[in-house]
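Visitor: Single-letter residue listing:
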Amino acid sequence: MSIAALVLGILSIIGSIVGAANPLSNTITIVALIVGVIAIVLAAIGMKKGAGHGKAVAGLVLAIIAVVVSIVMLIACGGAKQNVSDLVDGVVNGNTEQIEQAASNLAGDAGEEVQSAVDDAIAEIESAVNDAANAAADAVDTAADAAADAVDAAEDAVDAAADAAADAVDAAADAAN
Amino acid sequence: MYPYLSVFGLNIPMYGLMMAVAFLLCSVLAFFRTRKRGRIGENLIIIAAMVLLFALIGGILFFDLVTYSPEQIGQYIRTGRWDPLLRGGIVFYGALIGGAIGAFIGSLIAKDDLREYLDIVVPVIPLGHAIGRIGCFCAGCCYGHPTDSPLGVIYTHPAGGAPAGISLLPLQLIESGVNLVIFGILMLVSSRTVSRYLTTILYCILYGTARFILEFFRYDSIRGMAWGLSTSQWVSLGLIAGALLAGLLYHFYKKSGRSIKANE
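Protein sequences appear in the order of chains A and B. Using my numbering, you'd call the opening residue of the first sequence number 1 and step up by one each time. Using my numbering, you'd call the opening residue of the second sequence number 1001 and step up by one each time.
Please keep in mind that the hints were generated in silico from the structure rather than gathered at the bench. Since the model is a prediction, treat every value here as computed from it, not as a measurement. Misleading hints may appear alongside valid ones.
To be verified - Covered stretches of chain A, as calculated for chain B (at least 3 residues, CB under 8 Å):
{"#": "1", "segment": "136-147"}
{"#": "2", "segment": "154-167"}
Said to hold, decoys possible - When the alpha-carbon atoms are kept at most 20 Å apart in a straight line, the in silico EDC-like pairs for lysine to aspartate or glutamate are as follows:
{"#": "3", "chain 1": "A", "residue 1": "K49", "chain 2": "B", "residue 2": "D1113"}
{"#": "4", "chain 1": "A", "residue 1": "K48", "chain 2": "B", "residue 2": "D1112"}
{"#": "5", "chain 1": "A", "residue 1": "K48", "chain 2": "B", "residue 2": "D1113"}
{"#": "6", "chain 1": "B", "residue 1": "K1036", "chain 2": "B", "residue 2": "D1113"}
{"#": "7", "chain 1": "A", "residue 1": "K48", "chain 2": "B", "residue 2": "D1148"}
Just so it is clear, CB atoms sit at the ideal spot from N, CA and C, and this is done for glycine as well.
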């Protein structure tokens, strides 16, 4: 039991230092924390039984250091920062649901005024998108109308040219007669 | 306010540092109280280790459940974004419930009666909580309403959790002070009574009442609300009711025990 505590204590402190050196690695820190807790329990049991007292104490000390380092690096209180990150992601990806959720979370921190401002901003964005879509549709309709008008005018011109040609032919025939 | 402590170029999060200091200090104090009361110190170490593990699990789980919707939690898990789930924060009541479960499991491992450690361990909980709230103050979470009073604190650090530039009531420090008072009361009662459960019942009533009142001054409402009260307020009411009921039951149990002995 004491030897196991020592071994796990060494492993946990290595894991906690590696996890601390790489703050993005939550997995290593969590594993170090759990292994450290197990080492503490085994060390205490070993100390109770009286065998390998020195090893048990060494394992206990290492495990306590590992657990402390893991707690310091793992535990945070940054809900607001995460919501800002989600808000930015939502805007970049055009995910209105994510925007609304993150804005709602942030509004919980800052009160109804921010919620109202964010709602207004989202409404304006949606309105602007709708306006742009409508303008594009109108432009397409206008272009279609203009094209149709152009086609009609061309047909009229062709008809007029044909009539003029026919008149010219008749006139020439009359002149010949 | 001061979310990181810079030591030799390394940024140490104050929130986690205060949590660690709180747990270490309370464990050492509880260990010496255990020895003084003639109990086995190693058993307390086992119980304390399990309390730590399950308190962290409970506190983080409670925070996630009251902060995020089930869909959001599912999305975070599916996309592998564990940071907001693990590092969003801790709710004290979740840690308290988790810690109670951990204490029970620890007592099973140590093969000892948990009831013998209640009067030893419970009085040091508010001390740890008081230290932890200092961590909250440094990190900029669990803050109070905006205020124009001289007590107001303006957070300016860009990495802090509180909205910057607004004068906020330092509710974290107020709650820390309240917890220190509760710690003093419990240590006094613990030194003058032989009742196993009195300090536990007293702590539940005192802290439940204090937390219920202080919650009205909290400004970070991401904790979850139901029927006009926050989640922690509902838990506080349950804690107070449970403690009063337990106290009454224990009182009548002891009274009936004395009556039986008198009749014999």
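Visitor: So, for every hint listed, does it hold in this structure?
Guide: These are the hints, each one checked on the structure:
Residues of the segment 136-147 of chain A with a Cβ under 8 Å from some Cβ of chain B number 0, which does not satisfy the need for three, so the listed coverage is violated. With a cut-off of 8 Å between beta carbons, the segment 154-167 of chain A has 0 residues touching chain B; three or more are needed, and the interface restraint is violated. Only pairs whose Cα atoms come within 20 Å are accepted, and K49/A paired with D1113/B is accepted, the gap being roughly 18 Å. In summary, the hint linking K48/A to D1112/B is supported, as the alpha carbons are separated by about 12 Å, within the 20 Å threshold.
For the hint linking K48/A to D1113/B, the alpha-carbon distance of about 16 Å falls within 20 Å, and the restraint holds. A threshold of 20 Å between alpha carbons decides the hint, and for K1036/B with D1113/B the separation of about 17 Å falls inside it, so the pair holds. Using a Cα cut-off of 20 Å, the hinted pair K48/A and D1148/B is violated, with the two alpha carbons roughly 57 Å apart.
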